[in-house]
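K.L.:
Spelled out from the first residue to the last, the chains are:
There are 2 protein chains.
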Amino acid sequence: MTTPDSPPQTVYSFHDGDGKNRQLLGGKGANLCEMTQIGLNVPPGFVITTEACLEYLSSGTESHQRRHLSTAVMDEVRTHITALEKESSKRFGDPENPLLVSVRSGSALSMPGMMDTILNLGLNQETLQGLIQQTGDARFCYDAYRRFIQLFGHVALRISDELFDQAFRTIKQQQGINSDMELTAEALEQICTRFLNIVEHHLGEPFPEDPMKQLEIAIKAVFGSWMGKRAIDYRREFNITPDMANGTAVNIVTMVFGNRGNDSATGVGFTRNPGTGENQLFGEYLTNAQGEDVVAGIRTPKPITELEQEMPRLYGELQALRTRLEQHYHEIQDFEFTIEQGVLYCLQTRNGKMNAQAMVKTSIDLVKERLISREQALLRIQPEMLEQMLFPRIDPTTSTQPVARGLPASPGAASGQAVFDADRAERLGRTGTPVILIREETKPEDIHGFFASQGILTSRGGKTSHAAVVARGMGKPCVAGAEEITVDIRKREATVGAHTICEGDTITLNGSSGGVYLGEVPMVEAEFTDALKNLLEWADEASRLQVMANADSPQDGARALKYGAMGVGLCRTERMFNATDRLPIVVEMIVAEDEKQRQLALDKLLPIQRDDFSSLFRVMSPHPVTIRLLDPPIHEFLPSPEQLQYDLQQLRQLRGTVSGMNILANTVQNLFPADQLPHVQTLAESHLVDEAIQQKETMLNKVNLLHEVNPMLGHRGVRLGITYPEIYTMQIRAILEAAATCMQDGVPIEPEIMVPQVSTDKELRRIKQYVDEVQQQVEAQYKVKLKFKFGTMIEVVRACMRADSLAQNAEFFSFGTNDLTQATFSFSREDAENKFLPMYNENKILHDNPFEVLDTEGVGKLMKLALQWGRETKPELKIGICGEHGGHPASIRFCDQIGLDYVSCSAPRVPIARLAAAHSALLES
Amino acid sequence: MTTPDSPPQTVYSFHDGDGKNRQLLGGKGANLCEMTQIGLNVPPGFVITTEACLEYLSSGTESHQRRHLSTAVMDEVRTHITALEKESSKRFGDPENPLLVSVRSGSALSMPGMMDTILNLGLNQETLQGLIQQTGDARFCYDAYRRFIQLFGHVALRISDELFDQAFRTIKQQQGINSDMELTAEALEQICTRFLNIVEHHLGEPFPEDPMKQLEIAIKAVFGSWMGKRAIDYRREFNITPDMANGTAVNIVTMVFGNRGNDSATGVGFTRNPGTGENQLFGEYLTNAQGEDVVAGIRTPKPITELEQEMPRLYGELQALRTRLEQHYHEIQDFEFTIEQGVLYCLQTRNGKMNAQAMVKTSIDLVKERLISREQALLRIQPEMLEQMLFPRIDPTTSTQPVARGLPASPGAASGQAVFDADRAERLGRTGTPVILIREETKPEDIHGFFASQGILTSRGGKTSHAAVVARGMGKPCVAGAEEITVDIRKREATVGAHTICEGDTITLNGSSGGVYLGEVPMVEAEFTDALKNLLEWADEASRLQVMANADSPQDGARALKYGAMGVGLCRTERMFNATDRLPIVVEMIVAEDEKQRQLALDKLLPIQRDDFSSLFRVMSPHPVTIRLLDPPIHEFLPSPEQLQYDLQQLRQLRGTVSGMNILANTVQNLFPADQLPHVQTLAESHLVDEAIQQKETMLNKVNLLHEVNPMLGHRGVRLGITYPEIYTMQIRAILEAAATCMQDGVPIEPEIMVPQVSTDKELRRIKQYVDEVQQQVEAQYKVKLKFKFGTMIEVVRACMRADSLAQNAEFFSFGTNDLTQATFSFSREDAENKFLPMYNENKILHDNPFEVLDTEGVGKLMKLALQWGRETKPELKIGICGEHGGHPASIRFCDQIGLDYVSCSAPRVPIARLAAAHSALLES
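Going down the list, the protein sequences come from chains E and C.
In this text, residue positions in the first sequence follow the numbering used here: the first is 1, and each later residue adds one.
In this text, residue positions in the second sequence follow the numbering used here: the first is 1001, and each later residue adds one.
Quick caveat, the hints were computed from the structure, so don't treat them as lab data.
Quick caveat, the model's predicted, so the values are computed rather than measured.
Just so you know, not all the hints are guaranteed correct.
Capping the alpha-carbon separation at 27 angstroms, the derived lysine-lysine pairs in BS3-like fashion look like this [claimed, not checked]: (1) LYS1874(C) <-> LYS864(E); (2) LYS861(E) <-> LYS1878(C); (3) LYS1762(C) <-> LYS844(E); (4) LYS1878(C) <-> LYS768(E).
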């Protein structure tokens, strides 16, 4: 112990070190101390602190030769070695009963790039002989010795591994053997000699024989490795700052050997099955082997259950160890053990990594076993992890390799026949054939193809491209931007390297990893287990925030309910417009020459939309359903000018052909007398082609007229609603009439009308006028008193700035953080993700993609202001979020912290959001 | 006077009414009171208050018949009539010496749509005869009577004017005369009889004979007209709220007659010349005439100077009146007078409307004459008014009519030869030919054509289209979006209606009104007078805000200095890139395959940019020059894909022709023996065409690669600077080397480097690194210590939100409110102005175009926050604005109020901004 005058303690025995002080002792050191102190049989040892490391590093610069370990540290080390000697009844450098130790680095965070382990330190020519006499196993001893020389030479003395490996291979060749196992003691002795020569040649002096000298060199090498290039690079790469880990500790542990005969073994164990969560010991072991043999894969380990037959007593001890570990750590443990001549040692333990299913099951079980509380059960699972359970996925054991990789744009996996356009996808899909839609990129007019497909593959576009967003909304797997794939729509095939995917070929997508596979690949189904349901019920109880779903159809709504959504936070009416039976009417509405023509089309749409809403309300009853009025620019519903120009070109060619054929037919008819006329059909269809041409031309004109330079910032949302009042009025009528029919049928509902793209209070007031008028008419017609809410999206920056005045006419706000993020950054999502955003992320100019992770410092700050100003006007204002961020755990936490009432996300992310909402509430309190 | 028990006073004599209380007495009434009370000879009269009007209006609804005037009001009216009788020694309804009055409406604001004047009220069969006897002028009396009947009938009794006019025409026809002047007393009597019949027929009872009855009907009619449809519409249209004007007053004034003989006259006067500001009486008059004769243009009035000959005494009285008016009102007055039989009456006076030149001159003169203070001199001129003086304009006296109208996109006028592309404009411009560039719309690549042209005309695009913004920046007139004009670039002509403008035809543009004229139209030159300079010096002394100019070249800079700019607040380097000698190098830089190729192009640009900056610094010395690094997306420098496709099509056709000709040439050569070979040149040029095709194809590929969905939100500004560090580094080097050469030459300069499109501090820090590196190199090379500022545009919403952290690395902020407005509203300027913005303005959803008038509630609120947060980090942070709003007076006032240090605007708006800055400071204090 230190006194004010003595230097601070820099070495701690495993019996004394504070198992919680990872900063001082490193993760591994702290863990060894804790295990020792709770009575596990850990080989005796001690830790040299990170403070000693920092002191050492500051004692000199650049090359480690100039640095020196203070005598105080080495004095303490010697004191602790003496203690080790006492505890193990062996002595360091004792030729008869030598103490051997391992030396390992270990900082507060696990960090590759630092020094590896040195085993068997303490061996030299003398102690080697003592060990041979003591064990009577010369082969074992020479094997240990050659390992020590190479590790020490490479790790502590920086001699190239290749020199040792080459010498090793030469001896094996001389002996004419292939496997290390076949090496005799003599051969190993020869190897040791060669190795010692290599070191002497390199050092200019013999291999250090004094164990204490060996130890000092090893300690300095470990400390120095903290400032090695690899370690520095790693810390920079992963933003590891000194407050997270500063310096490395050194662990000195008495050697134990699992390769001391058939009463020795080594293995790894899980306290429960990490694949299923089942409550039974799980693991593998090797008899008469060293830990590194398991890792090297030289021998195949046996399942731990066999140990029960082989060493029943030790199996019992392992079971006891398992219980002890869980009771102490309150968590499933992944531990390493060695049995040396019938004695069980625990060398390492840490929290077990499990798949989602096992995490969920063990959460439930550990609560039942009273090992953890419900809160702990919720907090031990990262919300994102649940994604695994909610989508089918490629069987993790499959060996099939993908032919291409794109972005993992929407999770899950699917197999189906490749199809290159939405119409064919729909036709084929209707017959029940599983289909994968492949496009260069998708447009809203492809949406019926999405409905019909199992999955979507695009060769262009990012994780927030149209394909990706829509697929995620529908919970269908999508691989986007697979740029190695060249899609040729006209040939109806895709090529990737030497492979060609023709229409009808079966392919498989892994939307969770981005992989594209030829043929069908085995899959594992989604597992919405009882345990998961149970866990999420606990989550809901713990949460303050409500979780709603984005759903555009009754089917979506039903699925959202299954996932536990508390309602629909966003129903995008334009998705309904895109269905094949509606799109022609929508197009009719858009190309209408005047208001009257437009009204005719709207009259056809009204009953369709009313039925849509009515079904959705009924499915979701009694939960709220928020319906957003038409949002996208109307030209999105029209074909692209390129498509139209191509069609026109084809039609004009056809027109020529038809003319030619008609001339030919006439000529043929004129050649024969009427009674001998052969059967030649006149192609009088040219006027039909002319009509088609004219239609396309009209359409092209309209498309050109509606063209926008920056469509994101164009004529859309409420701006459409104000320039074409008849469109919004139709939608409002459809919503209110649907609500009226539900009320007549006694179905309890909570409809909400939401206006998109609002930037000023006057827009909102204008739309409110439409609503008031339609409400009066519908109430009179249906003889009901309608109850619903009226509110606005907050997705325009100005709406945030004017939240105080918007709150006067809105009963709720819903943050549209997709658009808001674009406007806040002045990044178009598509342009940014295709051009500079990856580079920005790589260079850490932006830490995350702000379209995936809510930018709390910019967008979030705007949200906070809007919320504050809105609630100043109307304290009871209901506020939510319906952008994609609504399904992202960190963003959910932010939303909860600033006081939102709900988040809304795509149905498959609802469980994730529910758990994230619980985390947020629990971490706050 | 009122006591607590008596009802409030509702009628005021001109001797008593409060001349400042326009709300109560109306503008005209208050004015008549004030004039009376300062001793001007105003015909006696009184005012009935607006309160009486409101009381009357609330006494009934809908039709005015149901409403009634309270007896209290009519009692007061009678009392005041009695007083009038006393003062004029006449009596109301007295057959021998009748009092006649006029009745006029008058609310707090001048407002068309309300009741017109009734003259000569008090006439009836009896008083008419009295008047005839009294004046001995039957013609005059019948003329007065017929005027009264028609005005009263039409105005007070709502009888259609057409009935009277028709009867009048009939009599004239019967008499066989053309001019009213020729009508005899008898004819006029006949007309009066007809008129009385019309009224009786319409009323169902005779024309009211009792003058007091006449008066009551007239008063009620005036009051009622406040709620007439035209008046209500007008108030709605111009947003006139009750606090601005509520109800109308009624003015009852004793009639005076300018048509009582050759010692009578009527006229209008200005106390100074409203066209030049010269300090001399200005005006016109008619002898023996009524005021309305002047207005009706029946006779041509004489200049007021002639009155000096005709009535020297009265001319002297007029001169005294002029002095008296200016001394009282401290402002140039526009007044009406009548001389009745040698007595001068003043009927009306108001502040004189003058052109800018006169306003400026009188401001200076009035200060010299100690009539007003410098502050008053500045405040009496609206800043926008100065625009007239700063650009040449169409001679206001011209009768030429425009053939088309577009948007007045950049003020001023210009004539020149029509030219349809920038290259030809440049070629022709170099020869000194004045040129007008006509395009459907312009692109940055057209900029060299702007330099060469006198003015720009486009058939598409709004007031903030590329053409408009660039033209304003250059101070060249521009008419944009003249949609009646069809531009056919290939035919090199424009058509509008039946007219065709061919290349080379002279046309004239009026950028201040939007007019387009065929041929040359006479013009008036700009007048940057000494008086204006003097005024603006006073403005600068009064201002807190500094006024800088946006200037992209030394020429721009010199002009900005002439206009009084305190430096350059924005130099857009990309404008320099667009010059014809540079564009090819810029294109080379963009299409470069790798960094090395790009560097080669940049190496060529470096000296060019360095010279640009050096010249600009020297011109502006010692003022600050803020240089913005490259901002627009680089694809803006490339030709459009449509252009390239067209070029390729042409080239491919040419390739075919060349091949054919080569074949032909070979064939011809083979036909002849070598010695008889005719002279046929082989066209071996096909490889040249191939090369051209390949170049175009490469370019098209690059253009397609760089295509962006929303270019506004794309890969531009600092994002380019980070992805292509070599571009920004070149620009920074050019700036700092230019600065170094200036320093070597002892030229004092203040360079500032500004980074566009910044959204996060890390971007700024990255560019700062470039700057630091280049600075070290340049300082070493030139052996100078550089002094300059580093700062950022604030044009991205996120930059506002992160202003606190941006201020750490920025020495100044410059608000780019053009982009900021787009991002705040989520409106693309082009799409908004072409699609929904006009409709939004019309429907009052937005009061102004936010791209012209700063949206203080949204964009301004963001600016306030950014300023506050930025100065919290760095109190000395210099903050300005360089968007177009920097030249708009209301926006300048806002900028001043929130604490900006400077505004920067296009050079021709600098004087306007200087005056606006002074206004802001003066109105604040």
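K.L.:
Run every hint past the structure and note whether it holds.
P.N.:
So, going through the hints one by one against the coordinates:
With a C-alpha separation of about 24 angstroms, the suggested pairing of LYS1874(C) with LYS864(E) holds against the 27 angstroms cut-off. For the given pair, LYS861(E) sits about 24 angstroms from LYS1878(C) by alpha-carbon distance, which is consistent with the 27 angstroms threshold. With a C-alpha separation of about 8 angstroms, the suggested pairing of LYS1762(C) with LYS844(E) holds against the 27 angstroms cut-off. For the hint pairing LYS1878(C) with LYS768(E), the CA-to-CA distance comes to about 44 angstroms; that exceeds 27 angstroms, so the pair is violated.
In terms of the numbered hints stated before, the structure departs from hint 4 and from no other.
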